[in-house]
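Residue numbers for the sequence shown follow our numbering, beginning at 43 and rising by one.
Heads up, some of the hints might be wrong.
Unchecked claim - Lysine to aspartate or glutamate pairs mimicking EDC-like chemistry, simulated, CA-CA at most 20 Å apart:
id, residue 1, residue 2
1, K317, E327
2, K317, D211
3, K384, D59
4, K71, E255
5, K110, E93
6, K189, E131
7, K384, E240
8, K189, E85
9, K384, D434
10, K71, E93
11, K71, D59
12, K110, D78
13, K189, D79
14, K189, D78
15, K384, D82
16, K189, D82
17, K317, E255
18, K317, E209
19, K189, E113
20, K265, E255
21, K189, D434
22, K71, D434
23, K110, E131
24, K317, E336
25, K317, E363
26, K110, D123
Derived from the structure by calculation, the hints contain no laboratory data. The structure presented is a predicted model; accordingly, all values stated were derived computationally and were not measured.
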Amino acid sequence: MAETNAPPTIASTRNLDSVLSIAESPPWKRIARSVDDHRDWLEQAQIELTEIPAPTFHEAARAAVVAKRFEQLGLVRVRLDRAGNVVAERPGASHRAVILTAHLDTVVPAGVPIEVRRSNGRLYAPGISDNGAGLAALLGVASILQKTQVQTDLSLIFVANVGEEGEGDLCGMRHLLSPGEIRSRVEAMLILDGSSVEHITIAGLGSRRFLIEVTGPGGHSWKDFGRVNPIHALANVIAQLGLIPLPSEPRTTLNVGVIQGGTAVNAIPSAAWMKVDVRSTRLEEIERVSSAVEAAVRSGVENENQRCACGLQLQLHVIGERPAAELALPSRLLDVVRASDKHLGIQSCLERSSTDANIPFSLGIDAVAIAGGGSGGDAHTPNEWYDPQGRDLGLKRILLATLAMSGITESPTGIGTV
43 MAETNAPPTI ASTRNLDSVL SIAESPPWKR IARSVDDHRD WLEQAQIELT EIPAPTFHEA
103 ARAAVVAKRF EQLGLVRVRL DRAGNVVAER PGASHRAVIL TAHLDTVVPA GVPIEVRRSN
163 GRLYAPGISD NGAGLAALLG VASILQKTQV QTDLSLIFVA NVGEEGEGDL CGMRHLLSPG
223 EIRSRVEAML ILDGSSVEHI TIAGLGSRRF LIEVTGPGGH SWKDFGRVNP IHALANVIAQ
283 LGLIPLPSEP RTTLNVGVIQ GGTAVNAIPS AAWMKVDVRS TRLEEIERVS SAVEAAVRSG
343 VENENQRCAC GLQLQLHVIG ERPAAELALP SRLLDVVRAS DKHLGIQSCL ERSSTDANIP
403 FSLGIDAVAI AGGGSGGDAH TPNEWYDPQG RDLGLKRILL ATLAMSGITE SPTGIGTV
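Required output: the full structure, derived from the provided sequences and hints.
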């Protein structure tokens with residue numbers, strides 16, 4: 043999804059004016075200086091958080107450190123919600139709020155030690171960019187606003203949420219935006235994920251994930267030959283999955299990512315299971331392919347069961363579902379982010395991705411996902427890296443967009459209210 047060259051709309055021109063008004067104000071000059079002063083602080087925070095293990099569903103230790111930092115910064119109502127999200131507030135003149143979030147969890151398995159190392163100006167460690175950079179940006183925005191004592195019209199809510207990666211299935215964001223106080227207050231949402239300043243996520247890639255479990259009596263490969271075999275059944279299923287038509291437009295994919303079963307080469311397995319991932323930019327395609335997956339699974343198991351009276355048992359579970367949704371246009375927040383990019387000289391592009399933003403998109407909430415600045419690569423690998431050069435530009439982008447959305451309350455002297 044590439045950026046278009048459409049002429050500016052009346053709304054985008056108006057929002058450019060609001061961004062310029064913020065950028066030319068005395069509070070912004072203090073903020074810009076504070077961004078520069080926070081360089082070492084941001085790097086230290088990023089390293090500290092990255093080195094605290096936070097696999098999906100096990101984010102509590104990292105969450106506790108983020109909560110402590112929020113308290114040290116002077117944010118109020120710092121709390122853990124029932125999902126494990128860390129929530130903190132910076133009150134404004136209005137109860138309505140701009141919400142900034144960054145996910146806590148990483149794909150690094152439990153028990154794997156994490157130590158950040160430096161080399162040629164880069165930081166290396168699994169999770170250092172995704173989402174060490176996003177969490178550092180979240181804390182940085184809060185710290186800079188507190189240090190500069192800038193008061194906003196709308197309240198600001200800072201959230202370090204759980205369950206973004208993999209089988210977390212966006213559980214933290216789902217809980218945050220379930221009917222209740224936060225959802226009733228939200229004016230707009232900025233989701234901070236990863237590094238760079240070039241991307242604006244305005245559409246969510248949808249997915250549905252299955253766990254397919256097949257069990258049987260098992261037996262000896264020679265003495266009990268002829269009994270039903272769970273692995274044979276899954277092999278039959280996989281062959282049928284390969285025949286499902288997948289369009290290139292709307293782009294749709296199907297992947298068997300994990301298959302396991304059996305205990306020995308000379309034993310008929312008593313159990314086997316696999317995980318299947320279906321993705322598309324359109325919900326209709328996810329539904330169609332999911333129906334075909336379920337039909338293939340049942341057919342594959344039935345074919346194997348025809349060989350023997352002692353049949354296989356099948357359990358099919360949906361273990362993940364991310365909505366395919368897009369930002370509702372026109373969007374004031376998108377206009378503000380693009381106006382901020384124009385002012386800062388950033389050449390950004392619009393994209394579709396699978397992030398926490400899928401949830402607010404599906405609820406019609408004004409939201410975008412952007413990154414925390416700097417650059418990074420090799421995400422989700424042991425060689426993941428982050429280069430802090432350019433982080434200050436990313437922070438200014440987030441701050442400028444946040445303040446343009448929230449508004450600044452100024453005293454008659456033009457100095458931010460303290």
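Here is what the structure says about each hint:
1. Only pairs whose Cα atoms come within 20 Å are accepted, and K317 paired with E327 is accepted, the gap being roughly 19 Å.
2. Of the pairs offered as hints, the one joining K317 and D211 holds, with about 14 Å between alpha carbons and a cut-off of 20 Å not exceeded.
3. Among the hinted pairs, K384 with D59 is consistent with the structure: their alpha-carbon atoms are about 11 Å apart, no more than 20 Å.
4. Straight-line distance between C-alpha atoms of K71 and E255 comes to about 60 Å, which puts the hinted pair past the 20 Å bound.
5. For the hint linking K110 to E93, the alpha-carbon distance of about 16 Å falls within 20 Å, and the restraint holds.
6. Note on K189 and E131: the hinted pairing holds, with a Cα-Cα distance of about 15 Å set against a maximum of 20 Å.
7. Taken as a hint, the K384 and E240 pair is honoured in the structure, with Cα atoms around 12 Å apart against an allowance of 20 Å.
8. The suggested pairing of K189 with E85 holds, with an alpha-carbon distance near 17 Å, which does not exceed 20 Å.
9. Between K384 and D434, the direct Cα distance comes to roughly 16 Å. Compliance with the 20 Å bound is thereby established for this hinted pair.
10. Distance hint between K71 and E93 is unfulfilled; the C-alpha atoms sit about 34 Å from each other, more than 20 Å.
11. Our distance criterion of 20 Å between C-alpha atoms is met by K71 and D59, whose separation comes to about 17 Å.
12. Under the criterion of a C-alpha separation no larger than 20 Å, the hint pairing K110 with D78 is inconsistent with the structure, at around 24 Å.
13. Note on K189 and D79: the hinted pairing holds, with a Cα-Cα distance of about 11 Å set against a maximum of 20 Å.
14. The straight-line distance between the Cα atoms of K189 and D78 is roughly 13 Å, inside the 20 Å bound, and the hint therefore holds.
15. Only pairs whose Cα atoms come within 20 Å are accepted, and K384 paired with D82 is rejected, the gap being roughly 27 Å.
16. Straight-line distance between C-alpha atoms of K189 and D82 comes to about 15 Å, which keeps the hinted pair within the 20 Å bound.
17. For a cut-off of 20 Å, the pair hint linking K317 to E255 stands: about 9 Å separates their Cα positions.
18. Taken as a hint, the K317 and E209 pair is honoured in the structure, with Cα atoms around 11 Å apart against an allowance of 20 Å.
19. Only pairs whose Cα atoms come within 20 Å are accepted, and K189 paired with E113 is accepted, the gap being roughly 14 Å.
20. The straight-line distance between the Cα atoms of K265 and E255 is roughly 25 Å, outside the 20 Å bound, and the hint therefore fails.
21. Restraint check for K189 and D434: the C-alpha separation of about 16 Å stays at or below 20 Å, so the hint holds.
22. Proximity of K71 to D434 is assessed by CA-CA distance (about 14 Å); at most 20 Å being required, the pair is judged to hold.
23. A hinted pair counts as satisfied when its Cα atoms are at most 20 Å apart, and K110 with E131 qualifies at roughly 13 Å.
24. With a C-alpha separation of about 12 Å, the suggested pairing of K317 with E336 holds against the 20 Å cut-off.
25. The straight-line distance between the Cα atoms of K317 and E363 is roughly 13 Å, inside the 20 Å bound, and the hint therefore holds.
26. Simply put, K110 and D123 have alpha-carbon atoms about 15 Å apart, close enough for the 20 Å limit, and the pair holds.
In summary, the structure is inconsistent with hints 4, 10, 12, 15, 20 from the numbered list given earlier, while agreeing with the others.
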